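Trainee: Listed below are the residues making up each chain.
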Amino acid sequence: MQIHDALIGALLALFGAVVIWHVGSFPVVAGQYYGPDLFPRLIGAGLVLLGGALVLRGRARAGLVPRLMSIPAAFEIRRGGMAALYIVASVASMVLFGEIIGAQILILAILMSGLLARYGRPAVSIPLSIALTVLFDLTFRVLLKVPLPTGLLQDFI
Amino acid sequence: MFTDLIAAAGLVVAPETLLSIVVAAFFGFVVGALPGLTATMAVALLIPITFLLSPIAAIASIVAAAAMSIFAGDVPGALLRIPGTPASAAYMEDANALVQKGEAGYVIGASAFFSMLGGCIGTVILVAASPILADFALSFSSFEFFWLGCLGLSCAVFVAGDDLLKGMASLMIGLFIACVGMDYTTGYPRFTFGSWALLEGISFIPALIGMFALPEIFRLMATVPRVQKLDKGDGGSASGKVLRAGRRYWWPSLRGSIMGTAIGSLPGAGADIAAWISVAVTRRFSREPEKWGKGHIEPIVAGGSANNAALAGAWIPALVFAIPGDTITAIAIGVLYLKGVNPGPMVFVENSQMVYAVFLVFFLANLLLLPFSWMAIRIAGFVLRVPTTIIAPSLLVLACLGAFAINNDMSGLLVMLGLGALALLMNASGLPLAPTVLGIVMGRIVEQNLMQSLISTQGSVAGFFERPGSAILGILTLSLWSFAGIKAALNRPAARDRRKMRA
Chain V
1 MQIHDALIGA LLALFGAVVI WHVGSFPVVA GQYYGPDLFP RLIGAGLVLL
51 GGALVLRGRA RAGLVPRLMS IPAAFEIRRG GMAALYIVAS VASMVLFGEI
101 IGAQILILAI LMSGLLARYG RPAVSIPLSI ALTVLFDLTF RVLLKVPLPT
151 GLLQDFI
Chain X
1 MFTDLIAAAG LVVAPETLLS IVVAAFFGFV VGALPGLTAT MAVALLIPIT
51 FLLSPIAAIA SIVAAAAMSI FAGDVPGALL RIPGTPASAA YMEDANALVQ
101 KGEAGYVIGA SAFFSMLGGC IGTVILVAAS PILADFALSF SSFEFFWLGC
151 LGLSCAVFVA GDDLLKGMAS LMIGLFIACV GMDYTTGYPR FTFGSWALLE
201 GISFIPALIG MFALPEIFRL MATVPRVQKL DKGDGGSASG KVLRAGRRYW
251 WPSLRGSIMG TAIGSLPGAG ADIAAWISVA VTRRFSREPE KWGKGHIEPI
301 VAGGSANNAA LAGAWIPALV FAIPGDTITA IAIGVLYLKG VNPGPMVFVE
351 NSQMVYAVFL VFFLANLLLL PFSWMAIRIA GFVLRVPTTI IAPSLLVLAC
401 LGAFAINNDM SGLLVMLGLG ALALLMNASG LPLAPTVLGI VMGRIVEQNL
451 MQSLISTQGS VAGFFERPGS AILGILTLSL WSFAGIKAAL NRPAARDRRK
501 MRA
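If you're matching them up, the sequences are chains V and X in order.
Going by UniProt numbering, 102 is the number at position 102 of the first sequence; the sequence numbering is gapless.
Going by UniProt numbering, 53 is the number at position 53 of the second sequence; the sequence numbering is gapless.
Chain V extracted, bound-state conformation:
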């Protein structure tokens, strides 16, 4: 997928304007000339200016109505969607259920689903997922003392 300069420029300029509007609600500190809004306000102004310049440049290069986005083929969208879903679901499951279920079980589930879906060959994928889970757990929890949540396995680990 490719996004045209004019579209990303417009988004950046809009975002900059929202930042400037939002920092207007920041408190003014008595006796101080500048408050917590100064730096983000400067950045917001920078985003508006640079976004505007990108819109103008995009328009100048592509005519009055540029093609704002190139859409990939249907099979690429499907593959990309599945990949995005796998990544988001994996990260979300770690965040939402890490404490309850435990990092080790979730790591195994992420690895096994990913390997079975992409690599196939259950005879290799399943033992490999278990071995990698043990390796990651030993490296992070045991060797590096990272307090990974153990959840359901608390009594066993």
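No lab work stands behind these hints: they were computed from the structure.
All figures in this text were calculated on a predicted structure; none of them were measured in a lab.
Zero decoy hints are in this set.
Residues on chain X that point at chain V, a partial pick, calculated with CB under 10 Å:
1) 41
2) 168
3) 178
4) 217
5) 219
6) 224
7) 389
8) 413
9) 425
10) 459
One-sided and incomplete, this derived list gives chain X residues near chain V with beta-carbon spacing under 7 Å:
11) 397
12) 400
13) 410
14) 417
15) 429
16) 447
The C-beta atom is built at its ideal place from N, Cα and C for all residues, glycine as well.
Fit chain X to the supplied structure of chain V, relying on the hints for placement.
Mentor: Same frame as chain V, now just chain X:
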């Protein structure tokens, strides 16, 4: 002095010290090679072990772990496009492009060799000039640090490539991300949307993992599975190529080492900033700018030399004035106090053997990079043969664990996911990622010094040009910005066409 040096050598070659150095170096290598785990974390994890060691063995293990983890951060960056440390991100594009050309051994060998060279040059400067440089760094006030930060941000112009507009827009995105969290002057929470996890700001390790690792994992998952087929490379041994690179790029290496030491000696500016600035300056003066970004060794030479030199530089204010140059030396100072050694000007008189031993340990730890790079090259050969379908899910788990490990908090994973999505959007729009990373790393430093300076001058901007050092740095920064603006305006297509027509 000579008798002190002999006594220091005796301390360093003690079996306990040598064993500590080797074990800590291996530990640093493992931690540095894992995405998300920093050199600081490697050193922090060593603290309980240092309680059991003699003072010199304790410091030796800290120095060895830090030097090794900074180098090891280059390995996943080069092989998998996931920087192990923020410093490695500065030259990761070229390192990975070279690996894709079948030059993994060359890249890792060069990274180790120039890191070693930078570390040794930094140590020589540390030995020779520590009191002078520390004094110089201490004369800096918030005004000088502000301008220095702005100069550092100007590097975004150079690392962004040809498109100045997109480079600056990308930098603004990074600076905005750095604004998230409690305001420096008032403690007012900005852009946190009520989340306590964002009060401390966005931790740049999960941010970095999200921006570099997630798009790569997405690409591997979304494309047709393939076994990585790399080009054969140019032929010839990796060590021969490294030596040729050493002869050809001796000046970028020396300049990177000197800059790295100087930047490292400034409190608050560490190896990450040193690597970024060194790469940017080298790109500006490179004789082969067209090769950058396509697999060129020069950025690896400049960045690798600078980041390890900065480690030595950070010890200058730490040893002489007990002011930590970075987080690693902050931990080291604590360990020194615990061991009954008080850093400061008097340490050179009261504990001169200890000081010389630290210097010798620096040389030893940096020389150890070479055998460890041999090990890394062997590992690289294995990693590159693994199918991408196995690598992608493993990398996702590694990314999640790295993002969690930095604060032992699941919110790091959300930061990673959010910035991963942002990076995908930026990739699709052709916005370069490097300036955003630079903005995230330096934004807070620039804002803090700007606010501190404005408070001290009661809002007057003239104060930024009153001190000689500040005035010089300010004029330099403004000139650089004007020059970049004029150059960009002259290079606009319309201006180019007009010039061609006139010709």
